[in-house]
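Numbering (our numbering), first residue to last: 1 to 390.
Do not rely on the hints blindly, as some may be mistaken.
[As the list claims (entries may be wrong)] Below, simulated DSBU-like cross-link-like pairs (lysine-lysine); rule was C-alpha separation at most 30 Å, straight line:
hint, residue 1, residue 2
1, K322, K182
2, K285, K236
3, K246, K322
4, K246, K201
5, K198, K162
[Unchecked claim] Here are the simulated distance ranges between beta carbons:
hint, residue 1, residue 2, range
6, D229, T204, 16 to 26 Å
7, H111, H270, 26 to 36 Å
8, G51, H111, 33 to 43 Å
9, Y283, P8, 44 to 54 Å
10, S113, D71, 16 to 26 Å
11, W39, M101, 27 to 37 Å
Hints are computed from structural coordinates only; laboratory data are not their basis.
We treat Cβ as the ideally placed atom computed from N, Cα and C, and that holds for glycine.
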Amino acid sequence: MAEPEWLPVDPRREGPRISECPKCGSRRFRGERDVMDTWMDSSITAAVHAGWPDDMDPRLFPADLQPNGYDIVRTWDYYLIVRGIALFGQAQFKTALINGMMRGTDGRMMHKSYGNYIPLSEVLEKYGADAFRLWVASAITTGSDLRFSWEGLDFTRRFLTKLWNAARFISMFLEDFTLSEKPRLKTVDKWILALSNKLVKEVTEAMENYDYYRAAQSIIDFTWHRFCDHYLEAVKYRMARNDESKRAAQYTLYTVLLRILILLAPFTPHIVEEIYQRMFRRYEKWMSIAVAEWPEAEEVNEEDIKRGDVVIDLIASMRHIKHEMRIPLNQPLEKAVIYSANPDYYEIIEENLEDISGTLRINSIEVKREGRGEYSARNYPDISFAIQAK
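Please build the complete structure, drawing on both the sequences and the hints.
This is the structure in structure tokens:
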């Protein structure tokens, strides 16, 4: 047998580095011609990674996770278990994560002879690694085969573009921002913070269960719709102010966007690192978002979510009617009257008239207990409104 220091060696072309056998004294040598199954090497990968045959790091052995495709369960996973039991008395991993395969657009396994093979280099050149990684994670559940889709890549690229544009806009909003005491928050601020806590809880639970699909989908849905489409639009008007409402929006935008970036880091490491370095590095202790502490979900305040839902739904409903009336969203409205006989809704609306009028650019706004407006809030039939354009 070759000594470790001789390796690598090709016995077909090279002789031994000794003149005679140390056991029998023979000088006649013949190189081994049989080739050992490659799984014999692979069958000790987890142990070698942990330091075997020298001192093994007990933190690394047995491995927490053995990820591989379903096509090699009977080989790699099997040999790791058998060799591990033979050498160490235990399997070399605690959990096996079985992934599916990438199929062509026609649903068949990718193969050049089928004409459905798409080089990874082509995908990366067109969309970049982050869009591809996020699409793979968010397109299908763990363990299932995935049919290649250019449309799916278009979607994740659009999402990352939206994230980038939102971060760029928020960075202008944070130019005079300083980390200080938590300001007095408004209803929509509490709403998005509570939802972000809920997101952290959902994503953490999904990641711990290797449910990358659910984790990625939750992040995309929250970021795109709740954070960008609703919250960011609701606080834009505060940008021109210099009061506590602006500081509340700054604090909230900073906190929620940073949480989003950390949650996204396992999926899209490049774009979140760029945003982190540009916007957050000067405030935070971590040199890179890759080493940032995973956020811990605080207790979710369901009441904050319920109250915020009312305000956000009303704003969205009024924006929709404004659009249907062919009134540009940036054009001010002369007047709006909101009606609700429900005492809880009335109180919430009255408390948030400033955010409603500021978001929709309404010159005069009031809320009444009696009467009925021409239009109803989408999800709250007890709330109606009337608007008057200039």
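inquiry  = Holds or violated: K246 and K322, Cα atoms, limit 30 Å.
reply    = Judged against 30 Å, a Cα distance of about 26 Å means the pair holds.
task = With respect to the beta-carbon atoms only, verify the hint that G51 and H111 lie 33 to 43 Å apart.
result = holds, 39 Å
inquiry  = What's the verdict on K246 and K201, does the C-alpha distance respect the 30 Å limit or exceed it?
reply    = At roughly 28 Å apart (the allowed maximum being 30 Å), K201 and K246 satisfy the hint.
query = CA of K198 to CA of K162, is that 30 Å or under?
reply = Holds. K198 to K162 sits at ~22 Å (cutoff 30 Å).
query = Quick one: are Y283 and P8 within 44 to 54 Å, going by C-beta?
reply = holds, 50 Å
Given hint K182 paired with K322 - CA-CA distance at most 30 Å = With a Cα-Cα distance of about 35 Å, the restraint between K322 and K182 is violated, given a limit of 30 Å.
inquiry  = Holds or violated: the 16 to 26 Å window for the beta-carbon distance between D229 and T204?
reply    = The hinted range 16 to 26 Å holds for D229 and T204, with Cβ atoms some 24 Å apart.
query = When you check the alpha-carbon spacing of K285 and K236, does it fall within 30 Å?
reply = Satisfied, since the Cα-Cα distance of roughly 29 Å is no more than 30 Å.
task = Please test the hint of 27 to 37 Å on the beta carbon pair from W39 and M101.
result = violated, 20 Å
inquiry  = For the hint 26 to 36 Å, verify it against the beta carbon of H111 and that of H270.
reply    = holds, 30 Å
request  = With 16 to 26 Å as the target window, see if S113 and D71 comply at their CB atoms.
outcome  = holds, 18 Å
Violated hints, listed in ascending order, are 1, 11; each of the other numbered hints is respected by the structure.
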